[in-house]
Amino acid sequence: MTDATQSDTAFRPKPSLPPPANTVGVVGWMRKNLFGGPVDTVLTLLGVYLLYVILDFVVDYGIVNAIWTADSYRECLDINKGEGACWAGIGVWFNSMMYGRYPDEEQWRINFGGIVLLLWLIPFWLPKVSGKIQVGISAVLTFPFLAASLFIGGDIGIFLHAMTAIALTLFVSVWLNVATCYLMGKSLPAVLISVTGFADKDDRLHKYVLLGAFGVGFVLALLYHLSWDLVEVPTTIWGGLFLTLVISGIGISSALPSGILLALGRRSKMPVIRVFCTAFIELFRSVPLITILFMAVTMMPLFLPVEFNPPKLAMVIVAVCIFAAAYMAETVRGGLQAVNKGQYEAAQAMGLNFWKMMALIVMPQALKLMIPNIVGSFMGLMKDTTLVSIIGLYDILLMGKAAGQNPTWLGFHTEPLLFTATIFFVLCFAMSKYSQHLERTIGGGYGRR
Amino acid sequence: MSIDTQLPDETVHVASAISDEVVIELASVNKWYGEFHVLKDINLAVNKGERIVICGPSGSGKSTMIRCINRLEEHQAGDIIVNGTEMGTNIKNIDAIRRDVGMVFQQFNLFPHLSVLENCTLAPIWVKNMPKAEAEKIAMEYLERVKIPEQAGKYPGQLSGGQQQRVAIARSLCMSPTIMLFDEPTSALDPEMISEVLDVMVGLAETGMTMLVVTHEMGFAKRVADRVIFMDQGEIVEQNTPDEFFTNPKSDRTKLFLSQILAH
Ligand SMILES: Nc1ncnc2c1ncn2[C@@H]1O[C@H](COP(=O)(O)OP(=O)(O)OP(=O)(O)O)[C@@H](O)[C@H]1O
Ligand SMILES: [Mg+2]
Chain A
1 MTDATQSDTA FRPKPSLPPP ANTVGVVGWM RKNLFGGPVD TVLTLLGVYL
51 LYVILDFVVD YGIVNAIWTA DSYRECLDIN KGEGACWAGI GVWFNSMMYG
101 RYPDEEQWRI NFGGIVLLLW LIPFWLPKVS GKIQVGISAV LTFPFLAASL
151 FIGGDIGIFL HAMTAIALTL FVSVWLNVAT CYLMGKSLPA VLISVTGFAD
201 KDDRLHKYVL LGAFGVGFVL ALLYHLSWDL VEVPTTIWGG LFLTLVISGI
251 GISSALPSGI LLALGRRSKM PVIRVFCTAF IELFRSVPLI TILFMAVTMM
301 PLFLPVEFNP PKLAMVIVAV CIFAAAYMAE TVRGGLQAVN KGQYEAAQAM
351 GLNFWKMMAL IVMPQALKLM IPNIVGSFMG LMKDTTLVSI IGLYDILLMG
401 KAAGQNPTWL GFHTEPLLFT ATIFFVLCFA MSKYSQHLER TIGGGYGRR
Chain B
1 MSIDTQLPDE TVHVASAISD EVVIELASVN KWYGEFHVLK DINLAVNKGE
51 RIVICGPSGS GKSTMIRCIN RLEEHQAGDI IVNGTEMGTN IKNIDAIRRD
101 VGMVFQQFNL FPHLSVLENC TLAPIWVKNM PKAEAEKIAM EYLERVKIPE
151 QAGKYPGQLS GGQQQRVAIA RSLCMSPTIM LFDEPTSALD PEMISEVLDV
201 MVGLAETGMT MLVVTHEMGF AKRVADRVIF MDQGEIVEQN TPDEFFTNPK
251 SDRTKLFLSQ ILAH
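For the protein sequence lines, the chains are A and B, in the order given.
Position one of the first sequence corresponds to residue 1 (our numbering), numbered consecutively onward.
Position one of the second sequence corresponds to residue 1 (our numbering), numbered consecutively onward.
No lab work stands behind these hints: they were computed from the structure.
Since the model is a prediction, treat every value here as computed from it, not as a measurement.
We put the beta carbon where it would ideally sit given N, CA and C, even for glycine.
Misleading hints may appear alongside valid ones.
To be verified - Listed below are the simulated DSSO-like cross-link pairs for lysine-lysine, each with C-alpha atoms no more than 27 Å apart in a straight line:
1. A:Lys128 <-> B:Lys92
2. A:Lys383 <-> A:Lys368
3. B:Lys255 <-> A:Lys356
4. B:Lys154 <-> A:Lys132
5. B:Lys154 <-> A:Lys186
6. A:Lys132 <-> B:Lys137
7. B:Lys92 <-> A:Lys341
8. B:Lys154 <-> A:Lys368
9. A:Lys368 <-> B:Lys132
As the list claims (entries may be wrong) - Reference listing, derived: stretches of chain A covered by chain B, where coverage requires no fewer than 3 residues with Cβ under 8 Å from a Cβ of chain B:
10. 138-148
11. 229-240
12. 412-421
So that you can see chain A by itself, here it is in the shape it has in the complex (with noise of 0.2 Å):
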């Protein structure tokens, strides 16, 4: 190896010399991205010029010049001419935007219900936690029953009890199999048997223990609940953002469920079904949804008798979800397109009936690749909501228009249209980065294939 001509003939690699300077770093990317050429050089300057302007408006309206405190809208204007916003406005109206003429004293209520409903759901991305799908069933199907109770108040009858009593239980079951499965690593389910002692005993009597245990769990609910005493709130005084969330989030929970059976019913082989649900889905998703809104709230209470006078809301919802199901009927559709017949094929020669096929097989397939078509939907859902200020529901579009009636507030219309806007975009936005994520996780899942 020491030998001279031997290592001049060996292999040496040339050693690794640092890119030119301007390639890399911050000069080199902009070299490449912002003064390509001329015609590049130009845009970017261009580009550069307009994001200036426009940050200087945002600047001097929504900081240099805005007003944070003052009671009139007159004594915004005096201060900067109108060439600022006037956000002491934003704080004056911001109770009556979230909402809307719900009594103050009583607005806890709807704080509580929002909180009850948060709490249900985080059980879902806690990673320890078994049964993530009863937990999702139960709060769509129970949760609604508790708000109505909570929500509207006042004599509530028997039924909207029990239900809220079934609600409760679950909300606290839900819990407290969060509490067995971080504490014993167990399902409440499996804790609630091993207690008895009748673990290794079989199945039909398992379920009397979890049927017992619902039961006791749903009587004390039931007391428990018997003891409330809340003032009834009207629906027609409800408004704000409460209302806007009340109607899209019964629209957006229902659509799925709904938007399933009847995209299953336009694929099925029974005739009256078939035509039964095409008709329905071609009709809703061919009307405009304020044609249908209007409709329901003019012209149903024509067919309806006298006595049975529903409130307006309640019309406004049936409506909404009508139309959010029609719509989430044909994203659906698409999806068992897309799944292979050779699926269907195992399953049956497997001896599932249709319905266990479908739930086991067919639609976890089939909603994975619909994820962001489904969220699409709801987005657009929860922002065609706002149509119904158009038939004098007092959401937050109609509640901020409303504020720049108010003889005080006269003429107060950019600022709460802004904050609109802006409640909006952070809903929708934060959806639309969970649905990527929900895409990245499960939509990429199948084991990383």
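With chain A's structure known, arrange chain B with the ligands on it following the hints.
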């Protein structure tokens, strides 16, 4: 077809275990796709423990025939009786038959969103109401029998074709069927994977399972089949023991088919 390399000891025929009991009976079965007469007056009786290989040119109706046996296809005329149950339009009968008849497909048709183990336990849990622990125990036994217990936690997309097909076989067996249908189980596989699947099928034959196998693997037919059926244009043209069928075919159509398939 590489008859000589597929199976280690193909000269020894797997011992037959045929009983007198008829488990599948097709009587004058006819089927049409629209105007197209795809099955023409099929008559076939299969005894318990019998192993039948079905071959024939593409489009001759082989798949259609075995798919009628578990009602993946509906026939329009004639009777199909499986394990004494008449296949009618009665959903109960169809379900009963499907529980007893396992099927393995050319394209495997594993459920991609479930792990291998879940693929195997799904039907026992949801069709037979078996407790999960028991279903998993049985599934692991069958996965061991098809020699891939170590893949139980993986997803189908992470396995090779041969492994997937073996999972598919294990999945069917988990329902403890009395009859197994195979529709070209090795046709979608690379040559080196064919034998691993055929080995499993030979092992299954040794347990006395009633098997109907659509395949062009003639080595498998010689080794395992009790009867070879040749179909063309929706008819059963010829059926015989493998010895007779390969060495002494009766019809000219069969001779032509054999000369084509063995020419490779
Ligand atoms: N769903 C269908 N609709 C109409 N014709 C069909 C349908 N399925 C199959 N056929 C036709 O029926 C005939 C028999 O098909 P089958 O799949 O049973 O043939 P095969 O013998 O299994 O052929 P291969 O070896 O290619 O699998 C073919 O001509 C095919 O084109
Ligand atoms: Mg075929």
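- request: Compare the structure with the hints numbered earlier in the document and write down the numbers of the violated ones, lowest to highest.
  value: 1, 3, 10, 11, 12
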